[in-house]
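Based on these hints, arrange chains B, C and D on the given structure of chain A.
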Amino acid sequence: MTTIAPQERLIATIARLILDPSAHPARHVAVGMASPIPAAACWLLKKSGHDIRISLLQRQTGGPFSEGGRELFDLAGQGRIDLFFLGGGQIDSEANINMIGTGEWPGTEFRFPGSFGSAFMYMTVPRTILFREEHTNRVLVERVDHISANGISDRAVIRRGRAQALVTGRCVFNFDGNRFTLASIHPGETIESIDANTAMSYLTPPDVGMTLDPTEAELGLLRGAVCDEMLSTYPDFCQRVWGRSLQEAEKAAN
Amino acid sequence: MTTIAPQERLIATIARLILDPSAHPARHVAVGMASPIPAAACWLLKKSGHDIRISLLQRQTGGPFSEGGRELFDLAGQGRIDLFFLGGGQIDSEANINMIGTGEWPGTEFRFPGSFGSAFMYMTVPRTILFREEHTNRVLVERVDHISANGISDRAVIRRGRAQALVTGRCVFNFDGNRFTLASIHPGETIESIDANTAMSYLTPPDVGMTLDPTEAELGLLRGAVCDEMLSTYPDFCQRVWGRSLQEAEKAAN
Amino acid sequence: MAPQNLDALAAMIPDGALLALPPDDSLAPNALIRALIRRNVRNLRLIGVPTSGFGTDLLIGAGCVATVETSAATLGEAGTGPRFAAAVRAGSIRVIDATCPAIHTALQAAEKGVPFMPLRGVLGSDVMNHRPDWHVMANPFAADDDPILLLPALTPDFAAFHASCADSEGNVWVGRRRELATMAHASRANVVTVERIVPGRLLDDETMAPGVISGVYIRAIAVAERGAWPGGLLDEYEADRAHIADYARIARSDGGFAEYLARHVQHTANQDAA
Amino acid sequence: MAPQNLDALAAMIPDGALLALPPDDSLAPNALIRALIRRNVRNLRLIGVPTSGFGTDLLIGAGCVATVETSAATLGEAGTGPRFAAAVRAGSIRVIDATCPAIHTALQAAEKGVPFMPLRGVLGSDVMNHRPDWHVMANPFAADDDPILLLPALTPDFAAFHASCADSEGNVWVGRRRELATMAHASRANVVTVERIVPGRLLDDETMAPGVISGVYIRAIAVAERGAWPGGLLDEYEADRAHIADYARIARSDGGFAEYLARHVQHTANQDAA
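Residue numbers (the working numbering), protein chains in the order written: chain A, 288 to 541; chain B, 288 to 541; chain C, 1162 to 1435; chain D, 1162 to 1435.
Check before you lean on any hint, since a few could be wrong.
To be verified - Within a straight-line C-alpha distance of at most 20 Å, the following computed EDC-like cross-link-like pairs (lysine to aspartate or glutamate) qualify:
(1) A:K333 / C:E1330
(2) A:K333 / C:D1365
(3) B:K333 / D:E1330
(4) A:K334 / C:E1330
(5) B:K334 / B:D482
What the hints contain is simulated information worked out from the structure, not anything from laboratory work.
The shape of chain A in the complex, shown without the other chains:
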């Protein structure tokens, strides 16, 4: 058995979260720009035979929509997108995310790209999986400098969904609508190493297990059929993780 790449573990972990039987069913999952790991998790489920619709926004040609970029937001507004992914330059104890920047508004210390559709998607989509590979005290903070999208809303505000979990390069946290709970830690990490790198509050139950490895079957799919689907959209990622390039794939196909 070959070494499991950290990205492969993250992909399989996210795939399992998508299937969580206790959550709102994920029939239609949308994946935003520059999100190869969430995209791969969706492909892994699809290639495993799960009946799931994936809408990948990062495709220059083809792609799921015919109404332009607006259609994703219209679908979400109607409740037709079941699950989405969000990241953030900062994420805090209340699952608020900051994609604006640090320092004074609008990010005079360090400016992130901006909020994209987060302020809308976080509230209109039933489930959001938060994903951020960097797990440090500067990313997971007690309180974000600015809120691009808020994790909890006032009672009067119509809100269809919230964060289900936060997946990082070190561990998985579940979110219950009020706070994070440590759910599993990746190989190489300890309860202490998580604690040392996390400035946000979270609960640590007594029996935190290790994040499961991908199965052999999953690894086979990831390195084969999933990578095939990802090559044209995420060439850099496929090269880095699986050592495969679009050029070779095209040669092999001819």
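Then chains B, C and D, alone, in the frame of chain A:
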């Protein structure tokens, strides 16, 4: 010189109203369904060399829009349509039009097709030319049974335009925003015949002239280039007025 | 998404459904409407997007309709729908009069998932005065008094239309009739007839994609050749004006309509079914 | 509508204009942006529809920009636009942060000619808290307290984009990028570059029509081959990722950006002009 058909006179009359230099300039004129005479008036101007954009809604293929039927209304909402045409089962002294029906709501005595976009277009388009060939006491009434679109609005209501004139099979009335004034009468009519057939109030100035005939040049265009453009969209009208059919035109073209 | 037969589609639309239909010049699903009449559907609440035509007149005449929300019920040059007019006179259907852009706007609100959308104009029309479900408010962005109409979102249970083609994933091509996309997006489910199923993915073809409604909105598809007849279909076939003119004349009387129904609807099951 | 040259288009957009631009993956008019920089445009108020990319970063770096309203300023995999980030740090531009569907919605309001349009979500975001021009009101159709965001219509002075082709009447084909249609409809005027002029009328072609923006909205057209470069164009050419990655690295420093500008913008007048 051949006999001038009544429809030809109406077409030329409407064309002159469109050109009225004292009114909001008509750069973009839209023509609704089942309106061959207004459509012909627009084509007459276009074929005479006037720089005018015509959007004909009654075309199964081709046509001006790519956003579906909604685009006309969006254009009008923005103020990008300068002139439109409306008719009505009843028209009254305040330029209200009734496309609903007579008797109790919603037209239990005699039902007309319905209001179409009139309630919107009459207020968002700077100029409307009212056109109704039938000129009788049952059509031109003192007060319509039901208002599909109102001729006059409260001061507080944002309204971009109003009726410019009413053209019938007997005469032309101008509308000044408050009331109709007899502007010209068609050959064969008199001040008295108009009065006898009009139940709505209007002013009769002392010097009402006759509606001008189309010029020879206009008649030539109508029977040639204008009819050519109209044949596929309004085959019955072209057959009735000009004795030309689409089949013959297609044969001639082959 | 495997194509089903026309009767299976008709069976999906239950009695009492809120059903959106396009007008005659915009891919009217007339074969499916004939199948609905044959299955004896009852109490439909129809929406004309934004007007109603031949199919609505048939359904009304056949006693399938409880209410019609529409901006007009028209057979084009052939005038007001005769069964519609007769039903209004008889008081046998409830007509909810609207105006074209109000229908478009209410569907756009549903498409967007918002509870309402504003529209200019309309204030002062009796159409508005008979719509207690509409709301006039002061524009909050205006310094002065500026009343404006708000229309509540309109979410049909079903929309039905006849498209040129579909692919195996249920994507359908409607071309420039984009108001159908709004109607389809706004509706809980869509049942669609097509002239043909095409190979490949329509959404992968950059030339075809702009005229596609995504399969995400589509519940079921059936092939029905010339399924818009007597309406026309884009540049594929023209409306059968002579037939519609004949219908407009015959259907003025109850007896004439019954004869039409027997001849062109009840006895064409095999012809319409794919 | 006779095609003009690129510099003539650049000259139509005055200093201080409110200019809407698409993101990098949606027909970005990069050749025109280079022409704008060469004409030394100043104080542009840019709108990213709904995000901003390479062209906006160039304009900011070249000192052409006063304000940017956008949902993100990103070079995709290459990260935040470096000149955007530097300008925010330096306080040399005013950033008006938005969120993608809010930009789309505000343009839809302008497209429709209504003063505002509602949007769900967003309540509680600091993006909203920094937008005094946005308005929260109680949904008048709800029985209970139901606050909802209203966005004022956004009417750009100009929108600019690069389409595949145009016909002689000024109709342009953007394919499935229909958010460009909303942007174009909402804007007072549009200046458009295209790869080529095609014979015939695009709106008469039922296959092409659904991807067309009507010439009624278009002020001027210029041919600019590969005018989206280094962005891509539908299935015609791919984005030049290596170039954008290089830019993202070089443009981090003022000097590097100046060098880039000299090499790829100031000295490419003949290359960009048709």
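Structure-based check of each hint:
Only pairs whose Cα atoms come within 20 Å are accepted, and A:K333 paired with C:E1330 is accepted, the gap being roughly 15 Å. Taking the CA atoms of A:K333 and C:D1365, the gap is about 19 Å. The hint holds against a cut of 20 Å. Restraint check: the Cα-Cα separation between B:K333 and D:E1330 comes to about 15 Å, which is no more than 20 Å; the hinted pair holds. A threshold of 20 Å between alpha carbons decides the hint, and for A:K334 with C:E1330 the separation of about 17 Å falls inside it, so the pair holds.
With a C-alpha separation of about 36 Å, the suggested pairing of B:K334 with B:D482 is violated against the 20 Å cut-off.
In summary, the structure is inconsistent with hint 5 from the numbered list given earlier, while agreeing with all the others.
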